[in-house]
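First to last, the protein sequences are chains A and B.
So that you can map any letter, position 434 of the first sequence is 1098 in my numbering, and since no number is skipped, the others follow by simple counting.
So that you can map any letter, position 2 of the second sequence is 245 in my numbering, and since no number is skipped, the others follow by simple counting.
Some hints here could point you the wrong way.
[As the list claims (entries may be wrong)] Calculated cross-link-like contacts (lysine-lysine; reagent style BS3-like; alpha-carbon spacing at most 30 Å):
| # | chain 1 | residue 1 | chain 2 | residue 2 |
| --- | --- | --- | --- | --- |
| 1 | A | Lys806 | B | Lys389 |
| 2 | B | Lys323 | B | Lys389 |
| 3 | B | Lys484 | A | Lys806 |
[As the list claims (entries may be wrong)] Per the computed footprint, the stretches of chain B lying under chain A, defined by three or more beta-carbons under 8 Å from a beta-carbon of chain A, are:
| # | stretch |
| --- | --- |
| 4 | 392-402 |
| 5 | 420-428 |
| 6 | 494-508 |
| 7 | 516-527 |
Since the hints were made in silico from the structure, they are not lab data.
C-beta atoms are modelled at their ideal positions from N, C-alpha and C, and glycine is treated no differently.
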Amino acid sequence: MPDSLNLIAMGFMHALSPVNLLAMFLATVVGIVIGCLPGLSAAMGVALLLPVTFGMDPATGLIILGGVYCGAIFGGSISAILIHTPGTPASAATAIDGYQLTLQGKAAKAISVACIASFFGGLLSCISLYSFSPLLAQLAMKFKSPEYFWLSLFGLTIIAGVSSESMLKGLMSGFLGLLLSTVGMDPMEGVPRFTFDYSILDSGINTTCALIGLFSMSQVLILAEKSIAKRAKPAAFTGRIGLTGKEIRRLSPTVVRSWIIGNLVGILPGAGASIACFMGYNEAKRFSKHKEEFGHGSIEGIAGSEAANNAVTGGSLIPTLTLGIPGESVTAVLMGGLIIHGLQPGPELFTTYANMTYTFFGGFVLIQFCMLAVGLFGCKGFAQIARLSDAILIPAIFLLCVVGSYAIHNNYQEVVIMLLFGFLGWLSHKFGLNQAAIVLGLILGPIGEKGLRRALMLSDGDPSILVSTPLCWMLVGLCVFGLLSPLLMGRMGHGLKK
Amino acid sequence: MFRKTFSLLIICLLLPAFAFAWSPEKDVTVIVAYKAGSGTDTGARVLMQYARKYVGQTLVINNLPGGDGKIGWTELTRSKPDGYTIGFINLPTFTTLSAQPQSTFSVQSIIPVANHLTETCVVVVKADSPWQTLQDLVKACKGSDKFRCSTNGNKASNHTAAQLLARSAGFSYKAIPYGGTADQLLALRQGEVHFSCAKIADVAKLSVGDSPELRILGVFDTKRLAQFPDVPTLGELGYYKEWYGSARALVLPAGTPKEIVDFYEDAFKKTMTDPECIAAHDKANLHLDFKGSTDLGNLIFSQLVFSRDVISSLY
Chain A
665 MPDSLNLIAM
675 GFMHALSPVN
685 LLAMFLATVV
695 GIVIGCLPGL
705 SAAMGVALLL
715 PVTFGMDPAT
725 GLIILGGVYC
735 GAIFGGSISA
745 ILIHTPGTPA
755 SAATAIDGYQ
765 LTLQGKAAKA
775 ISVACIASFF
785 GGLLSCISLY
795 SFSPLLAQLA
805 MKFKSPEYFW
815 LSLFGLTIIA
825 GVSSESMLKG
835 LMSGFLGLLL
845 STVGMDPMEG
855 VPRFTFDYSI
865 LDSGINTTCA
875 LIGLFSMSQV
885 LILAEKSIAK
895 RAKPAAFTGR
905 IGLTGKEIRR
915 LSPTVVRSWI
925 IGNLVGILPG
935 AGASIACFMG
945 YNEAKRFSKH
955 KEEFGHGSIE
965 GIAGSEAANN
975 AVTGGSLIPT
985 LTLGIPGESV
995 TAVLMGGLII
1005 HGLQPGPELF
1015 TTYANMTYTF
1025 FGGFVLIQFC
1035 MLAVGLFGCK
1045 GFAQIARLSD
1055 AILIPAIFLL
1065 CVVGSYAIHN
1075 NYQEVVIMLL
1085 FGFLGWLSHK
1095 FGLNQAAIVL
1105 GLILGPIGEK
1115 GLRRALMLSD
1125 GDPSILVSTP
1135 LCWMLVGLCV
1145 FGLLSPLLMG
1155 RMGHGLKK
Chain B
244 MFRKTFSLLI
254 ICLLLPAFAF
264 AWSPEKDVTV
274 IVAYKAGSGT
284 DTGARVLMQY
294 ARKYVGQTLV
304 INNLPGGDGK
314 IGWTELTRSK
324 PDGYTIGFIN
334 LPTFTTLSAQ
344 PQSTFSVQSI
354 IPVANHLTET
364 CVVVVKADSP
374 WQTLQDLVKA
384 CKGSDKFRCS
394 TNGNKASNHT
404 AAQLLARSAG
414 FSYKAIPYGG
424 TADQLLALRQ
434 GEVHFSCAKI
444 ADVAKLSVGD
454 SPELRILGVF
464 DTKRLAQFPD
474 VPTLGELGYY
484 KEWYGSARAL
494 VLPAGTPKEI
504 VDFYEDAFKK
514 TMTDPECIAA
524 HDKANLHLDF
534 KGSTDLGNLI
544 FSQLVFSRDV
554 ISSLY
């Protein structure tokens, strides 16, 4: 044990070198900016900076990539809060309550909550990275095809949580999302499905594209419509960013819960920050004493989503470094970087290359502090954006939507898809459908489909494979809990009031 | 008058040949039809890092994954043939897909530039499995029809390898597609399937050391691998006798002018003989194998014949 403590201490010493400090600061700022811009996701940011790190010391290179990763995941929340445009899919759930707070004039407060929650989510995820890496990595090995099917089903129970208005319309939205997720190449047979000969649809509907359309383009339409009728204006602006002791006490359990959720989701390959944010949000709501605030500007909702998506960062590094199995797309790119440096993921990273690995871990901890500093320092400035008049804001968001959806693959067809989804989002607003539920269906559909079809293929069509392991039963239990708990809790709350 | 027009026409036709050597003036897009962080992507990034010096512009990798390469290659073959879009194809997956009816591309829709890597296929099982040799595995497979093999996609490269083994050894099995080599090997490591066929670079690190996770049972080659001298070839054991593996090569969309093709062939030849580039490939466990435009053209042709005559008989 003293040996590993030595390594940890030495890692920090190396990470604190001026070069590394400068690198992590700049990388975090770059990450936040990339995260803020819709269309530029964390994975793209890391891929963009990957070639820059080739010539560097591997630890410095990794610290830069880690900084961009964490920065981008937090950065996505800024635009989600201010202009209802999740900068990365990881902040989709943050937009729900964040934007409501902006409308109430509490944009700065919302961003500072997002920043502090992101900080703790990231920092706590470092604990598991340091202490339980090999242990937790085994979890990734336990998740087979049937488990992924149940995981996606559990994810879908979140629809109940995000549909505050009407369960029926929430379910309809979820089914619409699932239906849309079947567009694209069949994952098992490799033949196109519902693509109508448009090659752009072969890879399915791009999630980022759909997200920009559903959340922000639809917002442009809604704002424009309102402006024509009557100018909508955010309430008087209050600049308070600090949290009171009471608020901190209120948020702490949410952050801890989201840390655990984010970490576990991060470890599982294929499930990433975009799913974790919804799960974090949903659990925050489930256990909240102020459920009525959700959907109307709850700081717990923001904290739940943001702590979870930043906890994914440390979590998804665990299987990447120990097993060579990336937890999500960003760490897949990061692993490519490792291999290019001649570092093969596996036990060697913790023995032969322990020096480099622990410097990176040290850097990863410090990156969280950089993120906190930049976020808190900047949040008043960022929040000014929300005070811009609609005459500037509407065209600006429109521009960001178009540029963002074009930037994903430099393809105009995706701009068209984004616009179609914008219209869909506007329609769903009109009919009271739920955009977040559509997105959930779109993200979880392919995971569930692959899991189910592969499992049944493995068992020659025998459905008992779906409940063949204890882990399956655990996930089934979670699904049942997810479905019934809103009812039970509602009744309990009712009983208590009586 | 006619003579004048005619000679003018000749001059016009010859002019491009004498034109100044082409070189790119802005960033070049490199299409990789697989995910960022995948084997193909990693190889591409190592090469592009050193190619910048000889191409003179930044080479931006654009990952267009999906459909076992179909999406990226469709995009590549439909790109403007102006020298600003180049891409990687994987053989024989590319020729197999192009030989399919309704394929969105064919070997005529690309121009070969240079071969980059060559990798041989191997048969692997988990290290703690009961099958010590390939004969053990084949014997077990013959006795049961419950054996499952993970592949990187329906009719993709590693699926073909499994089919070659099964046909030549005379057993039946069930192929489960996983859409990529990483997921395919994860399934094997998790024990969801019994065996798998994959490229040597993807399994080499997992098969060596004190406690290896995987065991290599056979090599799809005419001679044993230098790195694994104890592993027999399939031919030695009386199964498939030819080489089977994959190659990753750089190609341009059809219609690209010859001087652009020549420029890239030359630039990548220089890149692949650069000592630093070679060292980086060794470090990343990648098997560099440069072939020029003509040789690559021959390889693509032979792989097309293989795809049409051999692969089509496998499924």
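Hint check results:
Between Lys806/A and Lys389/B, the direct Cα distance comes to roughly 22 Å. Compliance with the 30 Å bound is thereby established for this hinted pair. Simply put, Lys323/B and Lys389/B have alpha-carbon atoms about 48 Å apart, too far for the 30 Å limit, and the pair is violated. This hinted pair does not check out: Lys484/B and Lys806/A have alpha carbons roughly 38 Å apart, beyond 30 Å. As drawn, the stretch 392-402 of chain B meets chain A at 4 residues by the rule of a beta-carbon pair under 8 Å; at three or more, the given contact holds.
By the rule of at least three residues with a Cβ nearer than 8 Å to a Cβ of chain A, the coverage given for the stretch 420-428 of chain B holds, with 5 such residues. Requiring three or more residues with a Cβ within less than 8 Å of a Cβ of chain A, the coverage given for the stretch 494-508 of chain B is violated, as only 0 such residues are present. For a cut-off of 8 Å, the count of residues in the stretch 516-527 of chain B with a CB near a CB of chain A stands at 3, and the three-residue condition holds.
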